[in-house]
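K.L.:
What follows is each chain in one-letter form.
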Amino acid sequence: MQQTPALLIFFAALFTNNILLSNFLGMCHWLACTRSMLSAFGLGVAITVVTGITTILNYVMYHFVLIPLHLEYLTFLIFIAVIAAFVQLAEMVIERFSSKLYYSLGVFLPLMVVNCTIMGAALFMVTRNYSFGQTVGWGFGAGGGWMLSAVLLAAMRKKAGYSNPPAIFKGAGLVMIIAGFMALTFMGFNGMVAIE
Amino acid sequence: MSETSPQALPGAAGEGRKAFREGFLTNNPIFAQVLGICSALAVTSKIETSLVMGVGYIFVLALSAWVVSLLRETIPHRIRIIFQVLVVCVFVIVLDQILKAFYWQASRQLGPYVGLIITNTLTLGRTEGFSIRHKPMTALLDGIGNGLGYATVLALLGAIRELLGSGKLFGAVVLPGSVYTPNQLMILAPGAFFALGLLIALLNFVMLKTAKRK
Amino acid sequence: MKHKNLYTMFYAAILGLVCALIPTAVGTYTRPLREANAKVDEIKNTLRVLGIPFSASTPSKELVTFFQDRVVQQKSGDLTLYYAKPEAGQAADPVAIRFEGRGVWGPIRGYLALGSDMRTIKAITFYYHEETPGLGGEISTAAFMGKFPGKKIVGSDGAPGFHIKRLGASEQNEIDGISGATLTGGKVETILTLLADRIVKENIHVGD
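Chains as they are written, first to last, in the numbering used here: chain C, 314 to 509; chain F, 140 to 353; chain Y, 493 to 700.
These are calculated hints, taken from the structure and not from any lab test. Misleading hints may appear alongside valid ones.
In the DSS-like style, the derived pairs of lysine-lysine whose C-alpha atoms are separated by at most 30 angstroms in a straight line are [what the hints assert, rightly or not]:
(1) Lys307(F) x Lys536(Y)
(2) Lys657(Y) x Lys577(Y)
(3) Lys483(C) x Lys157(F)
(4) Lys472(C) x Lys413(C)
(5) Lys577(Y) x Lys531(Y)
(6) Lys531(Y) x Lys496(Y)
(7) Lys413(C) x Lys483(C)
(8) Lys307(F) x Lys657(Y)
(9) Lys536(Y) x Lys643(Y)
(10) Lys553(Y) x Lys567(Y)
(11) Lys483(C) x Lys351(F)
(12) Lys567(Y) x Lys307(F)
(13) Lys274(F) x Lys643(Y)
(14) Lys483(C) x Lys348(F)
(15) Lys472(C) x Lys348(F)
(16) Lys471(C) x Lys157(F)
(17) Lys496(Y) x Lys567(Y)
Distance ranges between label pairs, derived from CB positions [claimed, not checked]:
(18) Leu382(C) x Lys553(Y): 56 to 64 angstroms
(19) Phe241(F) x Asp668(Y): 38 to 46 angstroms
(20) Val556(Y) x Thr440(C): 30 to 38 angstroms
(21) Gly484(C) x Phe502(Y): 44 to 52 angstroms
(22) Thr550(Y) x Gly501(C): 12 to 20 angstroms
(23) Pro641(Y) x Thr349(F): 26 to 34 angstroms
(24) Thr349(F) x Glu534(Y): 50 to 58 angstroms
Backbone N, C-alpha and C fix where the C-beta goes; we use that ideal spot for every residue, glycine too.
So that you can see chain C by itself, here it is in the shape it has in the complex (with noise of 0.2 angstroms):
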C-alpha cells in the first residue's frame, strides 16, 4: 500500500473503491440532492473540490499539528473545523456563480460539513497512512466518485420519472431501490484493485 502509485488510487477512488458505493458514505446527499442533473453534477463539483482540497489540508494538520503534540483525541474537531471552513467558502463561491443551484440545494449546502464521504475521505486518509502524493490522488479521486455516483442516479431518476411505479413507491420508495441496484452492481467491482 505504500507503494501504490496516487494515479492508480485516483482511478481506483473513482470507480472500484468508490467511496459512495463501496464505502456508504455521503448517502445522504446522494439520495436528496439528485432530483436533477443540475443538483448532482453541481453538488457532485463542489464536493470533489471540497474533498481533494480539505483532505490534503487535513493530511498537514494531522502529520505536522497533531501528532508531533499528541493531540490525536482533537482529530474529529480539527478536521471538522477545516471541512467547515471550506464548506462556508464552497457555499458563497456556489450563491455567487449560480443561484440556481444554490436555492435547489437548500439546507442540504451548509449540511455539506457532516457529509460522511468529505469527513470519510479524510480518516481514511489516515487509517490507510496515506502519503502525501497518495493523499492528492485519493482526496481528488474519492470526491469524483461522489460525482460520478450522484450523477449516474440523477439520470437513472430522470429516466425513472417517466415510468409509471405504483403509488406506494413514489418517491423514496422508488429511489432506494434503484440506489440498491447500484450498490449492487458495483459490488462486482470489490477487491479489484487493491488500494489500502
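Based on these hints, arrange chains F and Y on the given structure of chain C.
P.N.:
Just chains F and Y now, kept in the frame of chain C:
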C-alpha cells in the same frame, strides 16, 4: 396527522408536543427528511448495534438541540454552522470519555460509532433547521422526537436485515438453516437499500389505507 | 460593520477555546479511570486467552494483583510474551502474544496463544475491531475464534504464515473464512502471517 384532540394546548407546551410528534412520524428523519442515512446503513446489519446507536444518538441529538437553542440569540450568523457542529462534536467526545471512565462495557459497544454520530446529517439538520429558531424546551422535544423516530427506523431495519440476512436476532438463531437459507445480501448495503425502500412502500400503503378510511 | 465583525471574531475565539478546553478537561479528569479500565480489560483478555479462570465480579484491584501473581510478562523486543507461572520443571504453556494491525474499517487487536512449541495455536481472541457487524465483525465470535485451536502458524513445509481460505481449508495453517467477509479475512491473514513470520525468524520463545 391533524390536531383533533380537544386537549390541544397552545403555546410552548403544544408546540413542543407537536414538534415531538412530527419528528417521530410525519417528518420522520429517514422517511421524510432523508437524513442520517449513512449510519442507518452502517449499523443496521444487526439489531443489537442498531439499538446501541439509536439510544446513544437520542442523547446526543436532544442535548445538542437544547444547547443550540439556549444560545441561539448569541450565535453570530457567519459561524453558526461551525458552532453547531462543534457543539455536537464536543458532546460526543465528552460522552465517549465519560462512558469509557464509568461504563466501560457500554463504551465498547458505542465506541466505533462515535465518528458516525458526529457526521450524522440529522443532527445538523435539526439544529440548523429547527433548534436555532425555537425555544429550548421545544427544541429539546423536537430533538427527542426526531431521535426516537430515527432510532425506531434503525431498529426496524436492524431487525429485518439481521433476520433475513443471517436468520438470527440479537445473535441468537431464530430461523435455523434447515428452514431458511439466510440471504446474505441483506447484511450488505444493497440489502439495506431494498429493505428501506420496501419499508417506505409499506408505510405509504398504511397511510393511504388510513386516508381512504377517513 | 466593525462592531459585528469584532463580535464574530471574539465569539469564534471563545468557541475555539471552549471546544478545545472541555474535551481536554474531561479527558484529563477521566484519564486515570479510563486507563485503569483499559488495563483491567487487557488483563481480562490475557487471562481468557491463557485459559486462566477468574471471576467476572472480582474487584479491579484484586484482579490486578491476581494477574501480577499468576502471569509472567517477558519482553522480546517490542513484543511481550504472557504466560502463567509454570510448575517446577514444566514448560510455559500456553504463551500469549498481543497483536495489532489494520482491519478494513479500523485497527484489529487481539491475542494469540501458542503452545510451548511456539507453533501450535492454543487459542486466539480478537478483542477490538471496527469491522462491519454481521460480516467482518464475526471474527470476534466464538464460532470463528473456535476454528483456530489445534492449527499451527507454519505450513507442513515449515514456512511461517497463516491463511484464511474461501473454501476447503486443508493445511495445518489454514482455516475457512467467513462468508461475506473476504476483505476482513485478508486483513486478519496479513496480521497473523506477519506475526508468524516474526516468531519463526526471530525464534521468539520463553526463556533466555
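K.L.:
All hints, please: hold or fail.
P.N.:
Against the structure, the hints come out as follows:
1. Of the supplied pair hints, the one linking Lys307(F) and Lys536(Y) holds, its CA atoms being roughly 28 angstroms apart against a limit of 30 angstroms.
2. As the CA atoms of Lys657(Y) and Lys577(Y) are separated by approximately 36 angstroms, the hinted pair breaks the 30 angstroms bound.
3. Between Lys483(C) and Lys157(F) the CA atoms are separated by roughly 27 angstroms; this keeps the pair inside 30 angstroms, and the hint holds.
4. As the CA atoms of Lys472(C) and Lys413(C) are separated by approximately 22 angstroms, the hinted pair is consistent with the 30 angstroms bound.
5. Between Lys577(Y) and Lys531(Y) the alpha-carbon distance is near 20 angstroms, which keeps this suggested pair within the 30 angstroms criterion.
6. Under the criterion of a C-alpha separation no larger than 30 angstroms, the hint pairing Lys531(Y) with Lys496(Y) is inconsistent with the structure, at around 51 angstroms.
7. For the given pair, Lys413(C) sits about 26 angstroms from Lys483(C) by alpha-carbon distance, which is consistent with the 30 angstroms threshold.
8. Among the hinted pairs, Lys307(F) with Lys657(Y) is consistent with the structure: their alpha-carbon atoms are about 25 angstroms apart, no more than 30 angstroms.
9. Proposed proximity of Lys536(Y) and Lys643(Y) is supported: the alpha carbons are some 24 angstroms apart, at most 30 angstroms.
10. Of the supplied pair hints, the one linking Lys553(Y) and Lys567(Y) holds, its CA atoms being roughly 24 angstroms apart against a limit of 30 angstroms.
11. A distance of roughly 18 angstroms separates the Cα atoms of Lys483(C) and Lys351(F); the hinted pair therefore holds under the 30 angstroms criterion.
12. The straight-line distance between the Cα atoms of Lys567(Y) and Lys307(F) is roughly 43 angstroms, outside the 30 angstroms bound, and the hint therefore fails.
13. Between the alpha carbons of Lys274(F) and Lys643(Y) the distance comes to roughly 63 angstroms, so the proposed pair goes past 30 angstroms and is violated.
14. Restraint check for Lys483(C) and Lys348(F): the C-alpha separation of about 16 angstroms stays at or below 30 angstroms, so the hint holds.
15. Taken as a hint, the Lys472(C) and Lys348(F) pair is honoured in the structure, with Cα atoms around 29 angstroms apart against an allowance of 30 angstroms.
16. The hinted pair formed by Lys471(C) and Lys157(F) fails the criterion: a straight-line CA distance of about 35 angstroms is larger than 30 angstroms.
17. Restraint check for Lys496(Y) and Lys567(Y): the C-alpha separation of about 61 angstroms exceeds 30 angstroms, so the hint is violated.
18. Distance hint check for Leu382(C) and Lys553(Y): the Cβ-Cβ separation is about 34 angstroms, which falls outside the suggested range of 56 to 64 angstroms.
19. For the hinted restraint 38 to 46 angstroms between Phe241(F) and Asp668(Y), the CB-CB distance of approximately 40 angstroms keeps it satisfied.
20. Taking the beta carbon of each, Val556(Y) and Thr440(C) are about 32 angstroms apart, inside 30 to 38 angstroms as hinted.
21. In this structure the hint that Gly484(C) and Phe502(Y) lie 44 to 52 angstroms apart at CB holds, the actual value being about 46 angstroms.
22. The supplied range of 12 to 20 angstroms is broken by Thr550(Y) and Gly501(C), whose beta-carbon atoms lie about 51 angstroms from each other.
23. A C-beta distance of roughly 57 angstroms is found between Pro641(Y) and Thr349(F), which places it outside the suggested range of 26 to 34 angstroms.
24. The supplied range of 50 to 58 angstroms is met by Thr349(F) and Glu534(Y), whose beta-carbon atoms lie about 55 angstroms from each other.
Hints 2, 6, 12, 13, 16, 17, 18, 22 and 23 from the earlier list are contradicted by this structure; the remaining hints agree with it.
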